[in-house]
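Visitor: Residue numbers (the working numbering), protein chains in the order written: chain A, 1 to 205; chain B, 1 to 205.
By construction, these hints were calculated from the structure, which means they are not laboratory data. Just so you know, these numbers come straight off a predicted model, no measurement behind them. C-beta atoms are modelled at their ideal positions from N, C-alpha and C, and glycine is treated no differently. Treat each hint with caution, since some may be false.
Claimed, not checked - Here are the in silico distance ranges between beta carbons for each label pair: (1) A:T188 with B:Q122: 57 to 65 Å; (2) B:Q6 with A:T152: 20 to 28 Å; (3) B:T169 with A:K23: 24 to 32 Å; (4) A:Q99 with B:I171: 34 to 42 Å; (5) B:E186 with A:I171: 23 to 31 Å; (6) B:I59 with A:K23: 53 to 61 Å; (7) A:E186 with B:E186: 47 to 55 Å; (8) B:K35 with A:D165: 52 to 60 Å; (9) A:G46 with B:G110: 24 to 32 Å; (10) B:I133 with A:G20: 46 to 54 Å; (11) B:S102 with A:N13: 23 to 31 Å.
Number of protein chains: 2
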Amino acid sequence: MNFSSQLIEEAVNAFSKLPGIGKKTALRLVMHLLKEDKEEVLAITGAIGKMRSEIRFCIHCNNVSDHDECNICRDAFRNKRLLCVVENMRDVISIEATQQFSGVYHVLGGLLAPLDGIGPDQLFLQNLRDRVISQEAEEIIMALNPTIEGDTTMFYISKMFAGMDIKLTSIARGVSFGAELEYTDELTLARSISKRLPIDTYVKM
Amino acid sequence: MNFSSQLIEEAVNAFSKLPGIGKKTALRLVMHLLKEDKEEVLAITGAIGKMRSEIRFCIHCNNVSDHDECNICRDAFRNKRLLCVVENMRDVISIEATQQFSGVYHVLGGLLAPLDGIGPDQLFLQNLRDRVISQEAEEIIMALNPTIEGDTTMFYISKMFAGMDIKLTSIARGVSFGAELEYTDELTLARSISKRLPIDTYVKM
Numbered sequence: 001m002n003f004s005s006q007l008i009e010e011a012v013n014a015f016s017k018l019p020g021i022g023k024k025t026a027l028r029l030v031m032h033l034l035k036e037d038k039e040e041v042l043a044i045t046g047a048i049g050k051m052r053s054e055i056r057f058c059i060h061c062n063n064v065s066d067h068d069e070c071n072i073c074r075d076a077f078r079n080k081r082l083l084c085v086v087e088n089m090r091d092v093i094s095i096e097a098t099q100q101f102s103g104v105y106h107v108l109g110g111l112l113a114p115l116d117g118i119g120p121d122q123l124f125l126q127n128l129r130d131r132v133i134s135q136e137a138e139e140i141i142m143a144l145n146p147t148i149e150g151d152t153t154m155f156y157i158s159k160m161f162a163g164m165d166i167k168l169t170s171i172a173r174g175v176s177f178g179a180e181l182e183y184t185d186e187l188t189l190a191r192s193i194s195k196r197l198p199i200d201t202y203v204k205m
Numbered sequence: 001m002n003f004s005s006q007l008i009e010e011a012v013n014a015f016s017k018l019p020g021i022g023k024k025t026a027l028r029l030v031m032h033l034l035k036e037d038k039e040e041v042l043a044i045t046g047a048i049g050k051m052r053s054e055i056r057f058c059i060h061c062n063n064v065s066d067h068d069e070c071n072i073c074r075d076a077f078r079n080k081r082l083l084c085v086v087e088n089m090r091d092v093i094s095i096e097a098t099q100q101f102s103g104v105y106h107v108l109g110g111l112l113a114p115l116d117g118i119g120p121d122q123l124f125l126q127n128l129r130d131r132v133i134s135q136e137a138e139e140i141i142m143a144l145n146p147t148i149e150g151d152t153t154m155f156y157i158s159k160m161f162a163g164m165d166i167k168l169t170s171i172a173r174g175v176s177f178g179a180e181l182e183y184t185d186e187l188t189l190a191r192s193i194s195k196r197l198p199i200d201t202y203v204k205m
């Protein structure tokens, strides 16, 4: 595309650096911003720039935070001896939305993927070990995606704490609530049969 | 969604003010920017903010421009007596991409839509009249969308120049190149029959 303005061209190029935004969508966004008040646009770009400049990562759990310690780690009502290991901040948001978890999180910042060059040193694993010892953790719940990388990471962590007096659990995997058996993939169904639970486990809930 | 960080929340809200971007997409964009270098992110927000702050509109054609006069109006090789009336800057980009037009543009900034409260005073129409006289225009090509608003605007402009020695034309409307008659809508097909042209018009091209 040939723009008659250098400023427009640079703004379109800036937008199209974002994932899932091509040149045409970028131009549509630029045209929308041209109609908005100057102050409004500067408020939008300011909020995004400020986020990137001032964001910090919690010294305990590695989650994004406005301060050295995140709101969850600072919360005195949270059980510091119950740790939930997750891949990224999006998983923290998802689990928080359920309002079912009263412990604290540990954000790994990724999953082990040796083929992509992501080894234990790229993740916040050493940090996890130190934390488990200093906080005298009783249980580590692993809430990782049910993929090869997730399972590899889960296996690695379970080896890390082998021989230590700590309970290691994983979130339940099985048929989703509201799903139909007919359309559930074989691996999920097979696993949900082999990991079946007594009915009173469900009735208690 | 409940974010553990105020900064993240504000950045997500900023992104979701853009058209077609919801909270989930906004969070995905924010997570992408968190992985980018700080300088890179500030370059992106800077380009967008600068565009909105410094953009001007050409004093002749009302197209977006970096200076008082746009590149097209400043170009000495452009025929200033041939004007192409378009709705917005996007249409200028589309027509420029064809490399078939050697005149200058006139951007209306919208189309007449009395029901939406857009009358002649909201568009750059008075400007067009002054320009036609001062530039001694020979022809006005109307490249407006084939909608009710487009036709209304075209009719209004043709009335504006009634009795003046100026050629008023419209871009050809008909069956698209590569389209199939079977799938062309009735209105387009009916119009393309009533406005049929001698075959040598096409052979010459």
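Visitor: If a hint holds in the structure, say so; if it doesn't, say that too.
Guide: Here is what the structure says about each hint:
Checking the proposed 57 to 65 Å range against T188 of chain A and Q122 of chain B shows it holds: the Cβ atoms sit about 58 Å from each other. In this structure, Q6 of chain B and T152 of chain A break the distance hint of 20 to 28 Å, their C-beta atoms being roughly 35 Å apart. Distance hint for T169 of chain B and K23 of chain A: a CB-CB separation of about 31 Å, consistent with the stated range 24 to 32 Å. Judged by the Cβ atoms, the range 34 to 42 Å given for Q99 of chain A and I171 of chain B is violated: they are separated by roughly 59 Å.
Separation of E186 of chain B from I171 of chain A is about 58 Å and departs from the stated range, judged on CB atoms against 23 to 31 Å. Remark: the range hint 53 to 61 Å for I59 of chain B to K23 of chain A is contradicted by a beta-carbon distance near 28 Å. Roughly 51 Å separates the CB atoms of E186 of chain A and E186 of chain B, a value that falls within the hinted 47 to 55 Å. About 37 Å separates the C-beta atoms of K35 of chain B and D165 of chain A, a value inconsistent with the hinted range of 52 to 60 Å.
Between G46 of chain A and G110 of chain B the Cβ separation comes to about 29 Å, which falls inside the hinted range of 24 to 32 Å. In this structure, I133 of chain B and G20 of chain A meet the distance hint of 46 to 54 Å, their C-beta atoms being roughly 48 Å apart. Here the CB-CB span from S102 of chain B to N13 of chain A is close to 28 Å, well matched to the stated 23 to 31 Å.
The structure does not agree with the numbered hints 2, 4, 5, 6 and 8 stated previously, though it agrees with the rest.
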